[in-house]
Structures are given as structure tokens and as C-alpha cells.
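K.L.:
Let the hints inform the model, and build the full structure from the sequences given.
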Amino acid sequence: MGRAKEIIVKVIPSKIANKFVKKNHYSGKVVPNSTLHFGCFLDGKMHGVMSYGTSMQKSSIIGLVKPCLWNEMLELNRMAFDDYLPKYSESRCIAISIRLLKKNTPHIKWLLSYADGCQCGDGTIYRASGFKLVGLKENKTMLRMPNGKIMADKTLNNSNYKKIGQSSGYWKKNGAKPIEGNQLRYIYLIDKTCKITVPILPFSKIDEMGAGMYKGKKITLAERKE
Amino acid sequence: MGNKITDLKFDDKNFNKGTQYGKSLMEKSLSKFGAGRSILIDKNNKIIAGNKTTENFGELGLENVQIVDTDGKTLIAVRRNDIDLDTPEGREFALADNQTAKVNIDFDFDVLQDELDSQVIEEWGIDVGVLLDEKFGEEFSLKDGDKEPFQQMTFTLADEQAEQIKNAIADIKTTDEYKYAETMGNENSNGNAIYLIIMQWAEQRK
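So the sequence lines, in the order shown, correspond to chains A and B. If you're matching positions, the first sequence starts at 1 in our numbering and goes up one per residue. If you're matching positions, the second sequence starts at 227 in our numbering and goes up one per residue.
Please note that a few of the clues may not be correct.
To be verified - Just the calculated beta-carbon pair ranges, DEER-fashion:
#	chain 1	residue 1	chain 2	residue 2	range
1	B	320	A	19	34 to 42 Å
2	A	8	B	328	51 to 59 Å
3	B	390	A	170	27 to 35 Å
4	B	314	A	219	12 to 20 Å
What the hints assert, rightly or not - No farther apart than 30 Å at their CA atoms in a straight line, the calculated lysine-lysine pairs in the DSSO-like style are these:
#	chain 1	residue 1	chain 2	residue 2
5	A	103	B	373
6	A	109	B	373
7	A	22	B	328
8	B	369	A	29
9	A	162	A	172
10	B	361	A	45
11	B	361	A	5
12	A	87	A	177
13	A	29	B	373
14	A	177	A	149
15	A	109	B	249
16	B	239	A	45
17	A	103	B	361
18	A	19	B	235
19	B	369	A	15
20	A	22	B	254
21	B	361	A	10
22	A	5	B	243
23	A	66	B	373
24	B	361	A	22
25	B	254	A	23
26	A	10	B	369
27	B	369	A	58
28	B	369	A	192
29	B	269	A	19
30	A	45	B	249
31	A	66	B	369
32	B	249	A	22
33	B	373	A	15
34	B	328	B	254
35	B	249	A	132
36	A	10	B	373
Stated by the list, open to error - Here chain A is said to cover these stretches of chain B; the calculated rule only asks that three of the stretch's residues, wherever they fall, bring their Cβ under 8 Å from a Cβ of chain A:
#	region
37	360-367
38	371-379
These aren't lab readings, by the way, just hints derived from the structure by calculation. Because the structure is a prediction, the values reported are computed rather than measured. Every residue gets a Cβ at the ideal spot worked out from N, C-alpha and C, and that includes glycine.
P.N.:
Set out below in C-alpha cells:
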């Protein structure tokens, strides 16, 4: 664990969190749904942020774990860490955040998170933190626009873009293409009496699907163990 | 009257820690070209800018200092009468001067924040990051339980349509039907009015 043990995790305001995420997350974007932000401090300075909040499509995901009421789950929307933090920092910080969730919000039963296996990674830190893999599918929703920018199709399908006739449908016909790779969905049960209602996939499925990615580079889990 | 380097006082709160690489370039530059641009001192001979230059200058065994008094309204130009810029030596000197200044900057954020407000520091384009502060705690709360049995709906309307709807809402709010209508716990008066209008429309279609 090394110096990761020295990390201190505190609740921070969204203004501070968002500024850090914009600067340090590979997407350069924040998730507006995030309502709870943790700052990760080492040597007296913040070097990481974890943002939790509700899910974008909550109606469709709330049934992934039962029993669960509307406000009893959270999504880990963003994790942004700079290079100062040592190895194992992410899983250490996730563990602390879960401990704080248990203490302050005992009604939260489970956590959801997505790993972007197109641009970032296949979720090494989630697996190391005890998350279960419950979804692995080829990306069809993150689009590379003709100008090279990456955009989510749900962003293009909001009223602002639709109003000017630039929905994802329009752009798909005009040069926007899904970026190559996979999206992975992970669940962590805080309340172990709850049940995941969808099949739990073995981590070996990641290599079977050719979905391995680490720090933006395609690499299998097997190769990483070598 | 010439001064000596010992007449100068180093800044004990120097914001710049300097870098190892910067130091090596500065030594190289001073050895090869001698002193270039001037340093800056205050009225008490305390060094405002150029602590590292002075340090390295002294380490090379050089000690002469020429102090020029000014009130900031005159630009002091140091003329090197042995250098011609339009020669390979002159150009290399220009490069050495700029590159040394660039790589020898490493701010001491602790000292910076002790001495200046964050706002002032940021005004000068320095991102000091976020320091661990007592105001950051470990307590928070989040909404509990099930989804509230109320929904917000958004529609896009033409201006004329919106006007008609606003009028209809205002009209129905003046009626007895509205006063005694079933609200199902909803306290939003416009929502209740629209619901009543729809129910009346549905009734007419029966």
C-alpha cells in the first residue's frame, strides 16, 4: 500500500471538485448529476477527486439491484487523480469513500460505475475495490465527431442540439462514428443482503471480448499479470 | 562607488525554490557569458528578484555589484559593451538568458500562500491547487427513501400557444371546480389547474 495509506479523504464543495475534474479527468468534463464530492489529499494538497451522484438513466438501472428504493443507490460519476498520487491510491480512496457513505448515509445500498474501455481503462481499480462486472458491451454511444471531438450521443440528443437539428442521428449520417472499444458496467454492493438481478460476468470475459484497456492502451488482463 | 555582493540581503521568503537543472544552466551561463540582465533589490538592499543569480554569481567567486537607484519610472538597461547580439555568441547568450530563467522557476506554494492571498496568486496565473483545510469535513447527508410521487414535465410551445395556456390556467383558477378539485397532494397550483383542464376535456370526450 505504501504512501497511499497517508491519503486523507474529505468532503469538498462541487466548485472545487469540478475545477479539478475539468483539469485532470481525461474527458475534461464534469457530470452535472454529481452531488457528493470527495477530495483526496496527500502531503496537505488535493491530488484527486471522486464525484458521486444520481445516474443519468436511473429508471433503467434502479432494478439492477433489489430491493432498492429510488434514493438508495449512487453512481460514482467521476474519478480524477493526478500523477502525484502513488500506486493503489484509487482503490484506497474508494474504500474510504465507501466507509464514509456507510457512516453518513446508511440507506445507500449499492454503487454503480462505468469504465470507459474506449479511451481510458477497463476498470482495474473497480475490480481491485471489490466491484462486480455486470455489463460489457461494444461502444455505440461515444461518438468521434468529424472535428475530432468526442461526444456522448445522449448529449447530442438533448433539446439544445435537437433544436438546431444536430441530434446524434444527424451527426451519425454526417460523419460521426462510435469510437472503437467497450463500455463496462460495475456494481458494488454496500448492503450485502441485496441481490444483483443481472448476471455477474467473470473478469475473464474482458479478455474474451478483447476489451482489455489500461491507461488508454489496449492490453489484455493476462498481459498485465505477466 | 562599487558595491560588493555582501552588501545585498537574500530574501528569506523567496517564492522561487529554483531547480537543480536551472542551477546548472545558470552556472554555465554565468561562466560562459558573465552577468547578463540585472537583479532587482529594494531600498534596504534586499533582493526582490535575482536571489538565485546572486547566489550562483557568488559561488563562482564573483563579487562586484553596481547598484543603480531608480523609482521605477526609468527602465534600467544593462549594456554589455563586449557583446554583439548579431553574432553566434550574442544569440546564444540571448538563448541562455531566457532558458535559464524559464527552467529555474519552482514556486514554493507554502511560502506563497503564507505571504499572499490565493486570489492575488491566481491573478498572476499561478494555480496553487487546493490545500487541506479544516473546513473540509467528513459529514454529509443525501436524500433517503423512494422517489417523490411528483414529476416535472417540460414542453416547448409557440408564443401564441403559451399565451392561450396561461390564460386557460388563469381562468380555471377563478372557478369553484378548481377550488374543490382533487389535488392528490400536489401543491403546485399550475399543475393542479392543467390537470383540471385535461380532466374537463376528457369528460367532454366521453
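K.L.:
Going back to the hint list, which numbers does this structure go against?
P.N.:
As far as the earlier hints go, 2, 4, 12, 15, 18, 20, 25, 29, 32, 35 are violated by this structure, in ascending order.
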